[in-house]
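If you read the protein sequences in the order shown, they are chains A and B. So for the first sequence, this note's numbering puts the first residue at 1; every next one is plus one. So for the second sequence, this note's numbering puts the first residue at 1; every next one is plus one.
One or more of the hints may lead you astray.
Claimed, not checked - Label pairs and their calculated CB-CB ranges: (1) B/75 <-> A/192: 49 to 55 Å; (2) B/40 <-> A/130: 31 to 37 Å; (3) B/61 <-> A/206: 48 to 54 Å; (4) B/32 <-> A/190: 46 to 52 Å; (5) B/116 <-> A/90: 16 to 22 Å; (6) A/188 <-> B/5: 34 to 40 Å; (7) B/45 <-> A/346: 35 to 41 Å; (8) A/130 <-> B/25: 55 to 61 Å; (9) B/30 <-> A/339: 42 to 48 Å; (10) B/9 <-> A/346: 36 to 42 Å.
Said to hold, decoys possible - Derived lysine to aspartate or glutamate pairs resembling EDC-like cross-links, with alpha carbons at most 16 Å apart: (11) B/47 <-> A/100; (12) B/10 <-> B/65; (13) B/10 <-> A/102; (14) A/89 <-> B/117; (15) B/10 <-> A/100; (16) B/13 <-> A/100.
What the hints contain is simulated information worked out from the structure, not anything from laboratory work. The beta carbon of each residue, even a glycine, is placed where N, CA and C say it ideally should be.
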Amino acid sequence: MNKVGIVSFGSYVPRYRIKVEEIAKVWDEDPIELKTQLQINSKSVPGPDEDVATMAVESARNAISRWKGKEKDIGAIYVGSESHPYAVKPTATIVAAALDVEKNLTAADLEFACKAGTAGMQMCFGLVKSQMISLGLAIGADSSQGRPRDPLEYTAGAGSAAFLIGSDNIIAELEGTQSVTTDMPDFWRREGAVYPSHGVKFTGQPAYFKHTIDASKSLMEELGAQPSDYQHVIFHQPNAKFPQAVAKMLGFSKEQIELGLICKHMGNAYSASSILGFANVLNHANPGDRILLTSYGSGAGSDSFSFTVTEEINNIRPYKYDAQYYLNRSEYIEYGKYARFKGILR
Amino acid sequence: MEPPKIWREKRGKYLAMGVECLDCMTKQFPFTENCVKCGSENVNEYKLATTGKVLYFSTVTQTTEEMMGSTPYLIAIIELDDGIKITSQIVDCNLLEAKEGMNVRMVFRVLARNGSEGLIRYGYKFAPI
């Protein structure tokens, strides 16, 4: 069987941030208690002229800029998001045009709460491995919605991560992937509704933890791997507490989860959350490192992936506009400007 | 924002695709079917440089209805690394941070939204490096 894996990757996080204290001030809530619960200090906020299409394009352009291949070889583009700018009109076609890779390709928008990005990665791995295409582009991007005063308002951030998937010059080879999928009423947004609703504490144990643990364990069992075999592990990050707790439950150390835990200053970028952490790990990983990535999407499901980093990674690093660049740049805004940017004030 | 106009301008707005005359080698933007200097029809698409520096800038406070929600915003004349001068909005930059000579790079942004039900127009803007 031919090898398949990541051949390049790109990240994007908007410049603006709002602190937990600033939101708490508006609702007379205790920021210290909130920060203890969520272990998040601030979240990213898209500018007024940013949306999922613009962020997806920026991350994809970063993936292409650092890479020496031909983007015209892209045979599939999948954009996973729960905040596509149009209900009907694909984001993926806008991305194709902005990358100048129209028109002999397949493309689609995906939605599976916070795991639509990894669903696209799985589709690209399958298409490349079956030799239906030579190169695929999978993107997870979100401009997340949180109802004012809802606990989600403190964490719902924005960002995008893009992965070029192929079989030549692989930087992180796929060892295997496993998914767990069940019908789970933990988080939803009805057609036409502006903000999502959720089952509060129900989103934890039977939803996030159960699916993340089952998918990760199932994959490690299939591969005969142990947590100690991995240098890095990344989980979905609705806050910083959940991924750290699930890492501990599965037997991973703080050191293994550290590089991929990127939500403390940018919040939960939904479809981009776990894969932005993965992109940050790839910016620092060494050849031979093994990486476990497990996403979680409400509704619900988890996709788990095991990768081995190859020597090729040194050919696409360093790159200026990597995840760290976007995580480091920040302009803190007040709630009034945040409300304007998010369209709460019209 | 008529659909045909958005579709026609796509390569210019999304990719900053200009034109190069194959007879007199003049590069220009936006795309035209004839060279503006020698009139030749022997032209090719030319992709503008994606980095440059701000020559002049101004703050816009009064503008068209579809852009009023974005005011105040920065507009600049930018000299790209290939020598072509282009007018563009500057984003990810406070009004007080902007300065002449500032190095910028091309980014992909929403240019305008036709209300909450109409089309969204996308294209290039520039952000500080």
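Okay, the hints, checked on the actual structure:
Between residue 75 of chain B and residue 192 of chain A the beta carbons are some 36 Å apart, a value that contradicts the proposed interval 49 to 55 Å. Under the hint 31 to 37 Å, the C-beta atoms of residue 40 of chain B and residue 130 of chain A, about 48 Å apart, miss the expected range. For residue 61 of chain B paired with residue 206 of chain A, a C-beta distance near 53 Å keeps the hint of 48 to 54 Å intact. Take residue 32 of chain B and residue 190 of chain A: their Cβ atoms lie about 48 Å apart, and the range 46 to 52 Å holds.
Evaluation of the 16 to 22 Å hint for residue 116 of chain B and residue 90 of chain A yields a pass: the beta carbon distance comes to about 19 Å. Taking the beta carbon of each, residue 188 of chain A and residue 5 of chain B are about 38 Å apart, inside 34 to 40 Å as hinted. The hinted window of 35 to 41 Å between residue 45 of chain B and residue 346 of chain A holds, with their beta carbons roughly 40 Å apart. At about 47 Å, the CB distance of residue 130 of chain A to residue 25 of chain B disagrees with the hint of 55 to 61 Å.
Hint check: residue 30 of chain B to residue 339 of chain A, Cβ distance near 36 Å, so the stated range 42 to 48 Å is violated. The hinted window of 36 to 42 Å between residue 9 of chain B and residue 346 of chain A is violated, with their beta carbons roughly 28 Å apart. Distance check on the hinted pair: residue 47 of chain B and residue 100 of chain A sit about 11 Å apart at the alpha-carbon level, within 16 Å; holds. At roughly 22 Å between alpha-carbon atoms, residue 10 of chain B and residue 65 of chain B are farther apart than 16 Å, so this suggested pair is violated.
Of the pairs offered as hints, the one joining residue 10 of chain B and residue 102 of chain A holds, with about 12 Å between alpha carbons and a cut-off of 16 Å not exceeded. Between residue 89 of chain A and residue 117 of chain B the CA atoms are separated by roughly 12 Å; this keeps the pair inside 16 Å, and the hint holds. Between residue 10 of chain B and residue 100 of chain A the alpha-carbon distance is near 10 Å, which keeps this suggested pair within the 16 Å criterion. Restraint check for residue 13 of chain B and residue 100 of chain A: the C-alpha separation of about 12 Å stays at or below 16 Å, so the hint holds.
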